[in-house]
Amino acid sequence: MNDVIDKNNQLENNNKQLFNICLRTTSLKNPGSIKTYQSIGGYEQIKRILKNKTDPQQLIDEIKISGLRGRGGAGFPTGIKWSFMPRDYNGTKYIVCNSDEGEPGTFKDRDIIRYNPHQLIEGMMIGAYIMNAQVGFNYIHGEIWEDYVSFEKAIEDARKAGFLGKNILDSGFDFELHAIHGYGAYICGEETALIESIEGKKGQPRHKPPFPATYGIYGKPTNVNNTETYASIPWIIEHGGQEFMNQGVPNSGGTKIFSVSGHVEKPGNYEIQLGMPFRQLLAEAGGVWKNKQLKAVIPGGPSTPVVPADIIMDATLDYDGLVQIGSSVGAGSMIIMDESTCMVQTLRRLSYFFYEESCGQCTPCREGTGWVYRIIDRIFKGQATLADLDLLTDVSTKISGRTICALGDAAAIPVLSFIKHFRNEFEEFIKKGKSTN
Amino acid sequence: MNLKLKKLIDKELKKYPSDKKQSAVIAALAIMQNDRGWLSKEDISEVALYLDMPEIAVLEVATFYNMFDLKSVGKYKLSICTNISCMLRDADHIVNHLKEKLQIDFNEVTKDGKFCLKESECMGACGGAPLLTVNNQKMHENLNIDKVDQLLKELK
Ligand SMILES: Cc1cc2nc3c(=O)[nH]c(=O)nc-3n(C[C@H](O)[C@H](O)[C@H](O)COP(=O)(O)O)c2cc1C
Ligand code: SF4
Ligand code: FES
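Here the protein sequences come in this chain order: P and C.
For the first sequence, this note's numbering assigns the number 1 to the initial residue and increments by one for each residue that follows.
For the second sequence, this note's numbering assigns the number 1 to the initial residue and increments by one for each residue that follows.
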């Protein structure tokens, strides 16, 4: 009973709801069609911009006011990022949409691609206009092949309607957009690996600097943004930056899609006004699967620290709210684990993932992820000693901060956070040689 | 490489500057693999020739990206995700059923050459867990034992 009152209080204080911006066509008939998108005012923003020849700086300012932060995981402010692109560069400039989501638990960009592709295309057009880029690519994760095919069709429809190509709507603005697909390499989600992949190479991240804005595809200035980031743009331009900001909370403007998976009644994508309490989202997703008790949550994908149930229950879902409880929004890939979950087994699977997907360029990541996996595997097989726990922590700490890209850091995060919060369970497992769950 | 395949690759090449044919290598390899089931040494050479690339550069790409197969995978390659969102939804149960029914382990092909089973990392579709793809292109979500049995029957 107390729980219910608490919950109601929270809802009143923090009146946040599900609110579809990036997914706003999903409930309509033929959600992915150009006709549907145009029926809700789609492509009107780019038309207006092209007609009025709106000053790009004015548009960047609007995006800065919106508080939009990169939705691919790092949360970098989009308006600032777009102002890094050299304006008066003589030659081709590229923009890339990063739809390579492959971090376990991430499946939001897929729904944008299949249910609201034209909003993404319009967002990329506006981006191209602002950054004066002539060519765009949408790099789509290889395994969602059918969605890649449907996005190719969306591009075709946009071209037929006169939104892509040369001299768009007689404005003098040229923009060509292509879909390309990966073929099963998680690391290609890292923006410089993605650029290498577009050049037809192995997806091995580049040293930064130089950053893509100065040296990207074929050495040309290139901007990379996540799918959800681009898809937010048309709404921001239509309603104004402040209105977007108002959907969320200070420092976390707007809405954000949380992909909720694992032990939950209704797995799926939930676009929320940032600042929504965790317990409210859990309720929206039908609660824990089969009425079991919640054990832990990975709020933003495996590269964000796991949080035990009692800590996350009262947290709010926004950039600061999740930092306060020692985690982060990441890509919004929320993985729910019930009381029956074995943390050793879960960490073992995650560690295998990072080991398997390390591109192998940096010794600490290549060797360290292998070590980590083998130690956890030893625990899992009942062959470890308690000293192995400290070894695990030690190896993981030594990967962090010593690598070319952030995969190394990402690999250490689950290890350190699982052991921090569930050390008892790991110790019991080691002592008994099997799961105590 | 027949004309049909060349046409498909040419369509991919149009996405890139004419002096950057290498950019189409992943697509070209995928097109070849789709046609042949898996990539032989000859296939790699053909792609290299067509895109003006050194063979070794094509081979590097073919080995780096997990969805390419450099060995026969039978008529139907079933790739099942066992990463955590799927694991939490009992993917292992489906895996065990498949292994038992097909009498193969991961990376093996059934005696009749029909099925191969692959363990896969996250496919970016975890809301539909557990799930698998057939020959990289057709995804089947929200699997249970009945659905899997039905699917095996349909794959003639
Ligand atoms: C290992 C690794 C994987 C990544 N995967 C993705 C991804 O799948 N999608 C994505 O948008 N960003 C991913 N990123 C982040 C990108 O490098 C980049 O920061 C992002 O695409 C920028 O877009 P944003 O500013 O709109 O978030 C990944 C980063 C790392 C280190
Ligand atoms: S940190 Fe790992 S994935 Fe990233 S570049 Fe180094 S070896 Fe490759
Ligand atoms: S974890 Fe299986 S599809 Fe993502």
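These are computed hints drawn from the structure, not numbers from a lab.
One should not assume that every hint holds.
[Unchecked claim] Result set (DSS-like, lysine-lysine): computed pairs, CA atoms no more than 27 Å apart in a straight line:
#  : chain 1 : residue 1 : chain 2 : residue 2
1  : C       : LYS41     : C       : LYS11
2  : C       : LYS153    : C       : LYS138
3  : P       : LYS220    : C       : LYS111
4  : P       : LYS202    : C       : LYS153
5  : P       : LYS290    : C       : LYS147
6  : C       : LYS138    : P       : LYS29
7  : C       : LYS147    : C       : LYS111
8  : C       : LYS7      : P       : LYS202
9  : C       : LYS11     : P       : LYS160
10 : C       : LYS21     : P       : LYS202
11 : C       : LYS21     : C       : LYS71
12 : C       : LYS14     : C       : LYS101
13 : C       : LYS15     : P       : LYS202
14 : P       : LYS202    : C       : LYS11
Proposed proximity, LYS147(C) with LYS290(P) (alpha carbon, max 27 Å): Cα-Cα ~21 Å, so holds.
Quickly compare the C-alpha distance for LYS7(C) and LYS202(P) to 27 Å and report which way the hint goes. This hinted pair holds, its Cα atoms lying about 25 Å apart.
Would the pair LYS21(C) and LYS71(C) pass a check requiring their Cα atoms to be no farther apart than 27 Å? Within the cut-off at roughly 26 Å; holds.
Could you grab the alpha-carbon distance between LYS202(P) and LYS11(C) and see if it respects the 27 Å cut-off? Roughly 22 Å between the alpha carbons, so the hint for LYS202(P) and LYS11(C) holds.
Between LYS14(C) and LYS101(C), is the straight-line Cα distance small enough, at 27 Å or below? Roughly 45 Å between the alpha carbons, so the hint for LYS14(C) and LYS101(C) is violated.
Starting from LYS15(C), check that the Cα of LYS202(P) is at most 27 Å away, please. Holds: LYS15(C) and LYS202(P) sit about 19 Å apart, inside 27 Å.
Mind checking the alpha carbons of LYS220(P) and LYS111(C) for me, to see if they're no more than 27 Å apart? Given that 27 Å is the threshold and the Cα spacing comes to 51 Å, the pair is violated.
Please verify whether LYS138(C) and LYS29(P) have alpha carbons no more than 27 Å apart. holds, 24 Å
Restraint check for LYS11(C) with LYS160(P), where alpha carbons must lie at most 27 Å apart: holds, 17 Å
For LYS147(C) and LYS111(C), compute the direct alpha-carbon distance and say whether it is at most 27 Å. Between LYS147(C) and LYS111(C) the Cα gap is close to 23 Å, so the pair holds against 27 Å.
27 Å limit on alpha-carbon distance, applied to hinted pair LYS41(C) and LYS11(C): With a Cα-Cα distance of about 24 Å, the restraint between LYS41(C) and LYS11(C) holds, given a limit of 27 Å.
Please work out if LYS21(C) and LYS202(P) have their alpha carbons no farther apart than 27 Å. holds, 15 Å
The structure is inconsistent with the numbered hints 3, 4, 12, although it conforms to all the rest.
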